[in-house]
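Chemist: Sequences and hints are given; from them, build the entire structure.
Numbering (our numbering), first residue to last: 1 to 347.
Just so you know, these hints were derived from the structure itself, not from any lab.
Some hints could be false.
To be verified - No farther apart than 30 Å at their CA atoms in a straight line, the calculated lysine-lysine pairs in the DSSO-like style are these:
#1 K178 with K189
#2 K81 with K100
#3 K25 with K178
Claimed, not checked - Pairwise CB distance ranges (calculated):
#4 R28 with R291: 29 to 39 Å
#5 K18 with T204: 32 to 42 Å
#6 E102 with R321: 26 to 36 Å
#7 E333 with L201: 49 to 59 Å
#8 A108 with Q258: 39 to 49 Å
Ideal Cβ placement from N, Cα and C applies to all residues, glycine included.
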Amino acid sequence: MKPPKTGPALPISATEAKTLFADWKAARVLVLAVSGGPDSMALMWLAARWRRAVTGGPDLIAVTIDHGLRRGSAREARHVKLLATSLGVTHRIVRWSGAKPESGLPAAARDARYRLLARTARAHGALHILTAHTCDDQAETVLMRLSRGSGIAGLSAMARETMRDGFILARPFLNVPKSRLIATLKKAKIDYVEDPTNRDLNFTRPRLRALMPALAEEGCDAHNLTRLASRLARANTALELLVDGAERYLALQDDDAQHPGFRTEAFAVLSEEIKVRLLLRVIDRIGCEGRAELGKVEALLLALESAANHAGFGRRVLLRRTLAGALVTLTSERISVEPAPPRRRTN
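Modeler: Set out below in structure tokens:
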């Protein structure tokens, strides 16, 4: 059955903007990530209007990252600066300099963008960086992670607030359709730019974006995908609380609490999802090679359970595996986790 037709998107009112930004009223400084596209231009315009109506509210610093990846990016950054100045918002243009990678460019550009935003936030004493991610972006993120086989945590997609590089990334528009931001700019007579890479089918996100109309015909629209992410985030929070309890339980059962790990017998009685999450936690805590991949941790758990089924008595090593810079050792009595020895260099 096709979803019901909806009317034209409505602009965001001043009252709605007050609600959208209310969580950050007490902040001293807010950094706004403004690229010049419709979403971020609406973020700057709505934040400026909200700030004028707030007594003692935060200072606003709009930051445009010029990636230098296409002609006209410097001109677009200057266009953002003109609007920011007219709104009474401080504006900074920060350039991503240096060599650019030949592959994995979107991810590299994203990492550079957040790094430069964090550097600017630090210089201005800000703890919050606001981005203009919308309901549409959330839906695309769910699809991207679904296609990669993500677990519950990954399918929870983006949260309204997350920590990154010591700063709070805030997303006030996460439940707002992009069409409403465009309608807001249209009513305010504010121009914006369209990044052609957003339609470049050489990249994953634009390809998934192109599928959205067909998926929406089957009821898999941005609203439902965002709702799915919200429900999975709720389930993920509940599971993490269970993992907290399991970690405390295992600590009480372990007579070697000085060293990270679990008693084999106590670990064995837990449910599979809790085991996977506990292993993820301790490996990420001990390892030195970034976050462990979920699939590899699941494979490790299978190997641990298979080896434990053949356990005898004593402290004989039943399995030893290295993952994400952590060394996991299984004996009949204990699963221990310690930093892995340095990798041998090969000539």
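Chemist: May I ask which of the numbered hints given earlier this structure violates, with the numbers listed in increasing order?
Modeler: none
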